[in-house]
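J.: Sequence:
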Amino acid sequence: MSTPAPSGAKRAQAGVQRFGTFLSGMIMPNIGALIAWGLITALFIEKGWTPVARIGGFGDYATVGGWPGGLVAPMIHYLLPILIAYQGGKMAYDNKARGGVIGAIATMGVIAGVPSSPMFLGAMIMGPLGGWTMKKLDSLWEGKIKAGFEMLVNNFSAGIWGGILSIGSLYLLSPVVHWVMNRLADLVAYLVNHNLLPVASLFIEPAKVMFLNNAINHGVLSPLGLAEAAGSAGKSVLFLLEANPGPGLGVLLAFMFFGKGAAKASAPGAAIIHFLGGIHEIYFPYVLMKPQLLIATILGGATGVATNMLLHTGLVSPAAPGSIIAISLVAAKGDLVKILLSVLLATVVSFIVASVLLKADRSADDGDLAKATADMEAMKGKKSSVAGNLVGTTAAPQGEIKNIVFACDAGMGSSAMGASVLRNKVKEAGFGDIKVTNESIANLKDEYDIVVTQETLATRAAPKVPSATLLTVDNFMNSPRYDEVVEMIRTQRQGQAAPAAAPVAAAAPVAVAAATPAAAEAPADGVLSTESIKLGASATDKADAITQAGQLLVARGAVDAGYVDAMHQREESVSTYMGNFLAIPHGTNEAKELIKSSAMSFIRLDQPIDWNGNQVRFVVGIAGKNKEHLQILGKLAKIFSSNDSVQALENASSADEVAAILGKVNN
1 MSTPAPSGAK
11 RAQAGVQRFG
21 TFLSGMIMPN
31 IGALIAWGLI
41 TALFIEKGWT
51 PVARIGGFGD
61 YATVGGWPGG
71 LVAPMIHYLL
81 PILIAYQGGK
91 MAYDNKARGG
101 VIGAIATMGV
111 IAGVPSSPMF
121 LGAMIMGPLG
131 GWTMKKLDSL
141 WEGKIKAGFE
151 MLVNNFSAGI
161 WGGILSIGSL
171 YLLSPVVHWV
181 MNRLADLVAY
191 LVNHNLLPVA
201 SLFIEPAKVM
211 FLNNAINHGV
221 LSPLGLAEAA
231 GSAGKSVLFL
241 LEANPGPGLG
251 VLLAFMFFGK
261 GAAKASAPGA
271 AIIHFLGGIH
281 EIYFPYVLMK
291 PQLLIATILG
301 GATGVATNML
311 LHTGLVSPAA
321 PGSIIAISLV
331 AAKGDLVKIL
341 LSVLLATVVS
351 FIVASVLLKA
361 DRSADDGDLA
371 KATADMEAMK
381 GKKSSVAGNL
391 VGTTAAPQGE
401 IKNIVFACDA
411 GMGSSAMGAS
421 VLRNKVKEAG
431 FGDIKVTNES
441 IANLKDEYDI
451 VVTQETLATR
461 AAPKVPSATL
471 LTVDNFMNSP
481 RYDEVVEMIR
491 TQRQGQAAPA
501 AAPVAAAAPV
511 AVAAATPAAA
521 EAPADGVLST
531 ESIKLGASAT
541 DKADAITQAG
551 QLLVARGAVD
561 AGYVDAMHQR
571 EESVSTYMGN
581 FLAIPHGTNE
591 AKELIKSSAM
601 SFIRLDQPID
611 WNGNQVRFVV
621 GIAGKNKEHL
631 QILGKLAKIF
641 SSNDSVQALE
651 NASSADEVAA
661 ILGKVNN
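Number 663 in UniProt numbering belongs to position 663 of the sequence shown; there are no gaps in the numbering.
None of these hints come from the bench; they were simulated from the model. Hints are not guaranteed to be accurate.
Below are the BS3-like pairs computed for lysine-lysine, each with C-alpha atoms no more than 30 Å apart in a straight line [said to hold, decoys possible]:
#, residue 1, residue 2
1, Lys638, Lys427
2, Lys425, Lys435
3, Lys435, Lys445
4, Lys264, Lys464
5, Lys625, Lys592
6, Lys445, Lys625
7, Lys96, Lys47
8, Lys333, Lys47
9, Lys146, Lys96
10, Lys592, Lys445
11, Lys435, Lys359
12, Lys445, Lys96
13, Lys425, Lys402
14, Lys592, Lys435
15, Lys146, Lys136
16, Lys427, Lys596
17, Lys445, Lys638
18, Lys427, Lys402
19, Lys402, Lys359
20, Lys427, Lys534
21, Lys534, Lys592
22, Lys435, Lys136
23, Lys359, Lys260
24, Lys333, Lys359
25, Lys264, Lys144
26, Lys359, Lys96
27, Lys534, Lys596
28, Lys260, Lys435
29, Lys427, Lys445
30, Lys534, Lys445
31, Lys464, Lys445
32, Lys592, Lys464
33, Lys592, Lys638
With these hints in hand, go ahead and build the complete structure from the sequences.
T.: In structure tokens:
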């Protein structure tokens, strides 16, 4: 089926987004340098918090040997533009340093041509141009150089072309860039003098949710703001036009109080990420879901800009990301309280307007947020590492699903059980060619198609796997998420014959045991003994239940007494609740030396106890030597994922019956 060609407007939007992304790619890697310059400026210039002439470059150190003195002026005039140019040239030459070097050389001509003004705009032109033209020149003689002359040709071609570009930019580009910068500065001055700068919010706020803000922010506002901050003012309000978190925070607060369904439930977490983390894209789906909320963000943004203009506030350097923390760190001396007031007023206005609009809207929010997030990711051109995970969207990966990982804190306990259950479901559905593994969050790499983890660990896993679909579970035995995974695979392969499940030998251990070392020494009567089975038990709380399970292991001689403390420590870091009324407390990785032999204890409670908000009736303590606990967990997973087996354990009247049902763990 042919796909209809995108409209002209869509193509134009995509083009602007790509352009903005490229500009952002030059600026973002150098934000650390911009912040370093901003902090030095805020602290040590003549109007700074703690003026130091040698660092700030004033007084006797205004010039040294005819050159700008101190650190502030050399950094803003030379270091920062050259860093930006280097990054731009490197990006234009397929991320090769050769392109970055040529871009930096070429930019020196623009810098020298207009030494009185920071040449950020010139760097953003000559950097990529230098890298791109060097790439094209290299392609002319690629494969035509005789062996032994490659270094000679490469070095001299780069030197000659870099010199030509530098001289050309000195005479040809620097006057043009200087004229453009002056005209843009005149435009900003006109808007400021006529109190029209708040009107910029009419363009900036809608541009943000369409991912066009990078072209505006990094292409125009940041260069102009840096030039202004390098002048006598020492600060610029332009840095606050896009970075102010107030408009987005107001929308999210309105959803917290007046939203519905998934939007209301996820808004508090989104507000924290947005306000403190500075990731503004977290609120974009909420606005896309209710486009009328653009009115709230525009009015909130305009309020913030007007407040900053009225109070003559500004930042000394760009605040990236747009976190209230980053903004506070680069606020100009004496402006912090005023800037915080502008954020507060922007939030209040945005909140009031958004609240009125939400209360007047009679449509249901539930279910729309996931669609809005998907629309946002389609507009952005890639998966959002924060928005999609926060609202729990489960859109299938764009590529073929081949590699699934279950991640937990250590990658050995709950993840092994979850992986075992999910692996069995995937194989039973006829997709035995799909790899299902388990791993610790610390060792995750962005190479998986689907990542499954506990709800409490999602925020740690998400940054490590931005390209994967992240699913969260709170029930390891029979989570509906497992069925979603199977349906994702089945839907993706519709129209194709499902691959045959891989044959499994009858005597082979459950999946997770395949890669484990040889079995550890176990007691003569197996991992599970009837003396370690306790029926008709009672526990006051989960701590009491963990202690009882651990003491049964100690009494059997399988572990030292200190292992019980390690079981409690493990529970403090991550819950061992598995679903189907089952909890499997076990020790930490550091407690391995306390294990004498692999063993398991089983407790069935007459009255279920609360386990972090879940009901638990079966408490199984485990201790595995030489990673044998993976085999134990895998076999337990297979047993407890069956409702019939759980019911049989519920009805068992003796330890022997329980041992027979759980007999697989001794095989």
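J.: Evaluate each hint against the coordinates.
T.: Here is how each hint holds up against the structure:
1. Lys638 - Lys427: Holds, because 13 Å separates the two Cα atoms, which is no more than 30 Å.
2. Lys425 - Lys435: 12 Å, holds
3. Lys435 - Lys445: The given pair, whose Cα atoms are some 15 Å apart, holds under the 30 Å limit.
4. Lys264 - Lys464: Given pair Lys264, Lys464 holds - Cα atoms ~27 Å apart, limit 30 Å.
5. Lys625 - Lys592: Distance of about 7 Å is within 30 Å: holds.
6. Lys445 - Lys625: Holds - the C-alpha atoms of Lys625 and Lys445 are around 27 Å apart, at most 30 Å.
7. Lys96 - Lys47: 41 Å, violated
8. Lys333 - Lys47: Since the Cα atoms of Lys333 and Lys47 sit roughly 8 Å apart, the hinted pair holds (cutoff 30 Å).
9. Lys146 - Lys96: 23 Å, holds
10. Lys592 - Lys445: Judged against 30 Å, a Cα distance of about 26 Å means the pair holds.
11. Lys435 - Lys359: 48 Å, violated
12. Lys445 - Lys96: The given pair, whose Cα atoms are some 24 Å apart, holds under the 30 Å limit.
13. Lys425 - Lys402: Distance ~15 Å between Lys425 and Lys402 Cα, so the pair holds.
14. Lys592 - Lys435: Holds, at roughly 28 Å.
15. Lys146 - Lys136: With a Cα-Cα distance of about 19 Å, the restraint between Lys146 and Lys136 holds, given a limit of 30 Å.
16. Lys427 - Lys596: 35 Å, violated
17. Lys445 - Lys638: Holds: Lys445 and Lys638 sit about 28 Å apart, inside 30 Å.
18. Lys427 - Lys402: With a Cα-Cα distance of about 13 Å, the restraint between Lys427 and Lys402 holds, given a limit of 30 Å.
19. Lys402 - Lys359: 45 Å, violated
20. Lys427 - Lys534: 34 Å, violated
21. Lys534 - Lys592: This hinted pair holds, its Cα atoms lying about 25 Å apart.
22. Lys435 - Lys136: Answer violated: Lys435 to Lys136 is near 42 Å, above 30 Å.
23. Lys359 - Lys260: Distance ~10 Å between Lys359 and Lys260 Cα, so the pair holds.
24. Lys333 - Lys359: 41 Å, violated
25. Lys264 - Lys144: Distance of about 64 Å is beyond 30 Å: violated.
26. Lys359 - Lys96: 53 Å, violated
27. Lys534 - Lys596: Distance ~22 Å between Lys534 and Lys596 Cα, so the pair holds.
28. Lys260 - Lys435: Status violated; Cα separation ~38 Å.
29. Lys427 - Lys445: Distance of about 24 Å is within 30 Å: holds.
30. Lys534 - Lys445: 42 Å, violated
31. Lys464 - Lys445: Satisfied, since the Cα-Cα distance of roughly 6 Å is no more than 30 Å.
32. Lys592 - Lys464: Between Lys592 and Lys464 the Cα gap is close to 28 Å, so the pair holds against 30 Å.
33. Lys592 - Lys638: With Cα atoms ~25 Å apart, Lys592 and Lys638 stay inside 30 Å; holds.
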